[in-house]
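Asks: Using the sequences plus the hints, can you model the full thing?
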Amino acid sequence: MIPHTSTAIVAAGEDVVSPAVSREHYLNVRYGVRSWLLTTDHKRIAWLYLVSISLFFFLGGGFAVLIRLELMTPAGDLVLAETYNKLFTMHGLIMIFFFLVPSIPAVLGNFLIPLMIGARDLAFPRLNLASWYIYTAGGLFTLWAIVAGGVDTGWTFYTPYSSTYANSHVILTALGVFITGFSSILTGLNFIVTIHTMRAPGLTWFRLPLFIWAHYATSLIMILGTPVLAMAILLVGLERLFKIGIFDPALGGDPLLFQHLFWFYSHPAVYIMVLPAMGVISELITCFSRKRIFGYSFIAFSSVAIAVLGFLVWGHHMFVSSQSVYAGMIFSFLSMLVAIPSAVKVFNWTATLYRGSVSYHTPMLYALGFIGLFTIGGLTGLFLASLGLDVHVHDTYFVVAHFHYIMVGGAIMAYLGGLHFWWPKMTGRMYPEGWARLAALILFVGFNLTFFPQFVLGYLGMPRRYHAYPEEFQILNVMSTAGASILGVGYLIPMIYLVWSLRYGAIATANPWQATGLEWTTPSPPPTNNFSRTPLVTREAYAYPLQEADGVV
Amino acid sequence: MRYNLPLFPPQASTVAPQVDALYYFLVAVSAFFIVLIFSLVIYFATKYRRSAPRRAAAVPHDNPRLELLWTLVPLGLTMVMFSWGASLYFDLRQPPADALEIYVLGKQWMWILQHPSGKREINELHVPRGRPVKLTMTSEDVIHSFFIPAFRIKMDVVPGRYTTAWFEATQPGEYHLFCTEYCGTKHSEMIGRVVVMEPVHYQHWLDGSRASTTGSRSSLEVRGAALFEELRCATCHKATLPGVMLGPSLVGLFGRPVQLQNGETVIADEAYIRESILNPAAKLVAGYQPLMPTYRGQVSEEGLVQLISYIRSLGEANEMRAER
Amino acid sequence: MVSSEASSALSHQFDDLEQQSEATTLGMWAFLVTEILFFGGLFLCYIVYRASYPEAFASGSHHLDVALGTVNTAVLIGSSLTMALAVHAAQLGRQQELVLFLLGTILLGTVFLGIKGVEYGHKLAEHLVPGPSFVFTGPHAQQAQLFFSLYFAMTGLHAAHMVIGIGVLTVLTVMAWRGHFSAVYYTPIEISGLYWHFVDIVWIFLFPLLYLIGRH
Numbered sequence: 007m008i009p010h011t012s013t014a015i016v017a018a019g020e021d022v023v024s025p026a027v028s029r030e031h032y033l034n035v036r037y038g039v040r041s042w043l044l045t046t047d048h049k050r051i052a053w054l055y056l057v058s059i060s061l062f063f064f065l066g067g068g069f070a071v072l073i074r075l076e077l078m079t080p081a082g083d084l085v086l087a088e089t090y091n092k093l094f095t096m097h098g099l100i101m102i103f104f105f106l107v108p109s110i111p112a113v114l115g116n117f118l119i120p121l122m123i124g125a126r127d128l129a130f131p132r133l134n135l136a137s138w139y140i141y142t143a144g145g146l147f148t149l150w151a152i153v154a155g156g157v158d159t160g161w162t163f164y165t166p167y168s169s170t171y172a173n174s175h176v177i178l179t180a181l182g183v184f185i186t187g188f189s190s191i192l193t194g195l196n197f198i199v200t201i202h203t204m205r206a207p208g209l210t211w212f213r214l215p216l217f218i219w220a221h222y223a224t225s226l227i228m229i230l231g232t233p234v235l236a237m238a239i240l241l242v243g244l245e246r247l248f249k250i251g252i253f254d255p256a257l258g259g260d261p262l263l264f265q266h267l268f269w270f271y272s273h274p275a276v277y278i279m280v281l282p283a284m285g286v287i288s289e290l291i292t293c294f295s296r297k298r299i300f301g302y303s304f305i306a307f308s309s310v311a312i313a314v315l316g317f318l319v320w321g322h323h324m325f326v327s328s329q330s331v332y333a334g335m336i337f338s339f340l341s342m343l344v345a346i347p348s349a350v351k352v353f354n355w356t357a358t359l360y361r362g363s364v365s366y367h368t369p370m371l372y373a374l375g376f377i378g379l380f381t382i383g384g385l386t387g388l389f390l391a392s393l394g395l396d397v398h399v400h401d402t403y404f405v406v407a408h409f410h411y412i413m414v415g416g417a418i419m420a421y422l423g424g425l426h427f428w429w430p431k432m433t434g435r436m437y438p439e440g441w442a443r444l445a446a447l448i449l450f451v452g453f454n455l456t457f458f459p460q461f462v463l464g465y466l467g468m469p470r471r472y473h474a475y476p477e478e479f480q481i482l483n484v485m486s487t488a489g490a491s492i493l494g495v496g497y498l499i500p501m502i503y504l505v506w507s508l509r510y511g512a513i514a515t516a517n518p519w520q521a522t523g524l525e526w527t528t529p530s531p532p533p534t535n536n537f538s539r540t541p542l543v544t545r546e547a548y549a550y551p552l553q554e555a556d557g558v559v
Numbered sequence: 170m171r172y173n174l175p176l177f178p179p180q181a182s183t184v185a186p187q188v189d190a191l192y193y194f195l196v197a198v199s200a201f202f203i204v205l206i207f208s209l210v211i212y213f214a215t216k217y218r219r220s221a222p223r224r225a226a227a228v229p230h231d232n233p234r235l236e237l238l239w240t241l242v243p244l245g246l247t248m249v250m251f252s253w254g255a256s257l258y259f260d261l262r263q264p265p266a267d268a269l270e271i272y273v274l275g276k277q278w279m280w281i282l283q284h285p286s287g288k289r290e291i292n293e294l295h296v297p298r299g300r301p302v303k304l305t306m307t308s309e310d311v312i313h314s315f316f317i318p319a320f321r322i323k324m325d326v327v328p329g330r331y332t333t334a335w336f337e338a339t340q341p342g343e344y345h346l347f348c349t350e351y352c353g354t355k356h357s358e359m360i361g362r363v364v365v366m367e368p369v370h371y372q373h374w375l376d377g378s379r380a381s382t383t384g385s386r387s388s389l390e391v392r393g394a395a396l397f398e399e400l401r402c403a404t405c406h407k408a409t410l411p412g413v414m415l416g417p418s419l420v421g422l423f424g425r426p427v428q429l430q431n432g433e434t435v436i437a438d439e440a441y442i443r444e445s446i447l448n449p450a451a452k453l454v455a456g457y458q459p460l461m462p463t464y465r466g467q468v469s470e471e472g473l474v475q476l477i478s479y480i481r482s483l484g485e486a487n488e489m490r491a492e493r
Numbered sequence: 043m044v045s046s047e048a049s050s051a052l053s054h055q056f057d058d059l060e061q062q063s064e065a066t067t068l069g070m071w072a073f074l075v076t077e078i079l080f081f082g083g084l085f086l087c088y089i090v091y092r093a094s095y096p097e098a099f100a101s102g103s104h105h106l107d108v109a110l111g112t113v114n115t116a117v118l119i120g121s122s123l124t125m126a127l128a129v130h131a132a133q134l135g136r137q138q139e140l141v142l143f144l145l146g147t148i149l150l151g152t153v154f155l156g157i158k159g160v161e162y163g164h165k166l167a168e169h170l171v172p173g174p175s176f177v178f179t180g181p182h183a184q185q186a187q188l189f190f191s192l193y194f195a196m197t198g199l200h201a202a203h204m205v206i207g208i209g210v211l212t213v214l215t216v217m218a219w220r221g222h223f224s225a226v227y228y229t230p231i232e233i234s235g236l237y238w239h240f241v242d243i244v245w246i247f248l249f250p251l252l253y254l255i256g257r258h
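Residue numbers (the numbering used here), protein chains in the order written: chain A, 7 to 559; chain B, 170 to 493; chain C, 43 to 258.
Simulated from the structure, these hints should not be mistaken for laboratory data.
Please note: incorrect hints may appear among the correct ones.
Unchecked claim - Straight-line Cα separation of at most 30 Å, DSSO-like style, residue types lysine-lysine; simulated pairs: (1) K249(A) <-> K407(B); (2) K452(B) <-> K249(A); (3) K249(A) <-> K165(C); (4) K249(A) <-> K276(B); (5) K158(C) <-> K249(A); (6) K452(B) <-> K276(B); (7) K276(B) <-> K303(B); (8) K355(B) <-> K407(B).
As the list claims (entries may be wrong) - For the chain B half of the interface with chain C, some residues (derived, Cβ under 10 Å), not all of them: (9) N431; (10) N448; (11) A450; (12) A451; (13) T463.
What the hints assert, rightly or not - Short derived list, chain A residues pointing at chain B, Cβ under 8 Å: (14) P255; (15) M335; (16) G378.
All residues carry an ideal CB built from backbone N, CA and C; glycine is no exception.
Replies: Structure (structure tokens):
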């Protein structure tokens, strides 16, 4: 996969002096499968994750294709009901636990955090490798469950269906998710310790890139929330095996207790998926406006505020569950509050463009797309947080549209934007700009066509997880499926040209984007130890030349 | 394929226009901000593009006042959304006192709807227009959810407890009923229809049922009385003679406060009676011994509904009841 | 020699032993926080059901052996003492003492597990293990089964943590005996001490919650 050819560094005037012979860096320092599978280099581990999550993405995407095909017609005529139920369950599980949650942190975070803070590696490199193995083990258990016949509880595993009634491979899948959770916990732990203890001299908290703040906040959620999910899943497994009655009303148990335990993690989990994305966007907007970010400290504090408030709103998934009216009101109020820091970020990013110097490279297209789509997704969250309205739209396609706007229109766009932005750093190659821009545009169009009709479908009353539906919902479903086919094409194109670029892409310099940030002061690709000398930081983040008028050099 | 493109479900209940009004407000606010952000982004990205000529100018990167403004304005708007939504929700969760009572049983994969008169429907619910209807619901197996889009109401149907919802239909017609909490294989087929009829037609439909009416009692209560007899409840709860009894009197019990052994006071509603039959020791009444055995496994959910109806009727024997 | 061992103990990503020690200790604290949340979910279930079924839980609790539980509590607190003394010995570079106290901790931990095993054996014989063979005389049989499910889940999870702890301490004892630690470098001992104390504290919550309901 990684070519054995050497990468020569060219172009005068770059930070790094290039010798005539090929330079040693983290990709060519050692070859062979063992050097990859036993690596403790955070940059190689990032690649291990990149490959794994990409495989899972296409598997989860395949399930989505089948779902959308089935939904083209009102009758349930493509697959059996049972099969359809397994398709949406596995689509959700794979996309959330095996793609979205790891994506930006495990690929970009792993690669960049030590580089951005001037460190040689993360605090615990072997633990980092262990995290990947744990993730893979969890993934294999889940794949085993899929191959053995699948699971049909919905990714939310509601009891007592999952604990008593389901006839599918619940325990096997639960085991897979349980194991993978520990990967998340250990990654978060590694990031927190690294950011606290290994910053380069002069790199105070408020000089950190916002990418780091975002990952710090994310890591807090990872270590605090994931254990509760682990317990919830463990109890479902124990209930299935030993009929202990913890969620079974016939045995004195309470099915709603599961919902509380589950959502206590799964709501903050969505912030695990979106905070890193916001961190990426901050980096992209500032670089491609060549301007210091607007409201740095507000954005930094917003990240932490979102992480904290995110733990207080889980009950907004339970407004019609028979939770008390007063609990509902408290959760609704807090859910409104958690929207505010996100709004502040959107305004700050927009203000960063003002009087900037904006270019339209692919990462910027993804960033601008993110701002638009995240705004739509975030605003529709307010619809769901409004109690009286949520009664109508809860468990309908409105919710499906809302979270796909944030997860796909938001998080995946940010992931792709970040991947393109740091691709030269990671590989020493540039991707082809023309094809990349085309793919970004196709994705934007395909995405909106797929998911906007679902808002309408939801308000009309089409429930979630239905494989057959009343005829009057068909035309919107057909629109959605058409959009999905465009979206699929949009995802395939980068897959192809990114792999192509590994061998044939233009050679990249150390800092092709002329961006600020310690990661750009080291060669592309970096040497194994990242820096030949520990950097000394004297400036604020994002000290672009345009700041000369401010007196900042 | 049908070519009409509906955007909203029909407004067929008193609450539907209120929910839609909140929806329009949110759509308007969202549209405003979406247009604002999209326009600003496109405008700035175009006006300040790298290839455009530029004058040197002060470049702002911080403005606490602006930050405060765009924190407080969204906060204000969201508080409006919150209060509006909360007040609507409060109404949605408070059934009016004189509502027509319907019992709903959800099970994989059908809805059983029980009218007090004894009429029983499967996957269909006939209701009169202009009369509040209160649904008391439970599930026999997994969690389901009772959803009527045209009425804008929804409530999960949970095993082991009663949940309630209410509506007042305003338009005759037929409307979708969906199960909207994933419940297994035939979740998408657990659907039905709600038929709203003019009160006169509803009465005709009701009378055409096979419910027998003995005196002022309806069939649900009659069946409940029979079950009460069969299960020998009178042994301890002798319904007609107050005085020294092994169990508390049930006459006039329904809807009244009950003093428990542990000092708490609870209201004797459907949930209380259901729990007391299935788990008698949970709420022991003050002054009585824990002698009552559990009837779990001996009474079905439908049987419980019948018993509750019967017990309820014990307090209303002297009252004129509205037509059921 | 102390300094070469110390320098060989320095991992390449750290600048000096002080940074390494700071990072490793912070890492263990962060891990213990995750453990609090993990046990916390189980404790939440316990609290919810105890509040719902107080008599059943009291009744189930009375079937537990308070005497053995009390002995175990003393044993575990004793093992925390020996662990703290081990860390102290390591700080002072006293290798023999370190090894002795680690062995003492392992011994006490094993005694704890042994007594726990005896208790589990009794429960098995009394048909109080949840599942098809569960038999409970008295009212609230169903909710009592919930109590026992939580009892086994909570003490079982705790015991699993003890087993892992003993395993880690065994490895450390061997390393200590071979002279891997000194007054300059003893971080693994310190962080294992943190872990051991945490496991002890969990038991200090478990014991009254499970064994002492309604006992005056």
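Asks: It remains to establish, for every hint, whether it holds in the given structure.
Replies: Hints versus structure:
| no. | hint | result |
| --- | --- | --- |
| 1 | K249(A) <-> K407(B) | violated (38 Å) |
| 2 | K452(B) <-> K249(A) | holds (25 Å) |
| 3 | K249(A) <-> K165(C) | holds (18 Å) |
| 4 | K249(A) <-> K276(B) | holds (21 Å) |
| 5 | K158(C) <-> K249(A) | holds (23 Å) |
| 6 | K452(B) <-> K276(B) | holds (28 Å) |
| 7 | K276(B) <-> K303(B) | holds (19 Å) |
| 8 | K355(B) <-> K407(B) | violated (45 Å) |
| 9 | N431 | holds (9 Å) |
| 10 | N448 | holds (8 Å) |
| 11 | A450 | holds (6 Å) |
| 12 | A451 | holds (8 Å) |
| 13 | T463 | holds (9 Å) |
| 14 | P255 | holds (2 Å) |
| 15 | M335 | holds (5 Å) |
| 16 | G378 | holds (6 Å) |
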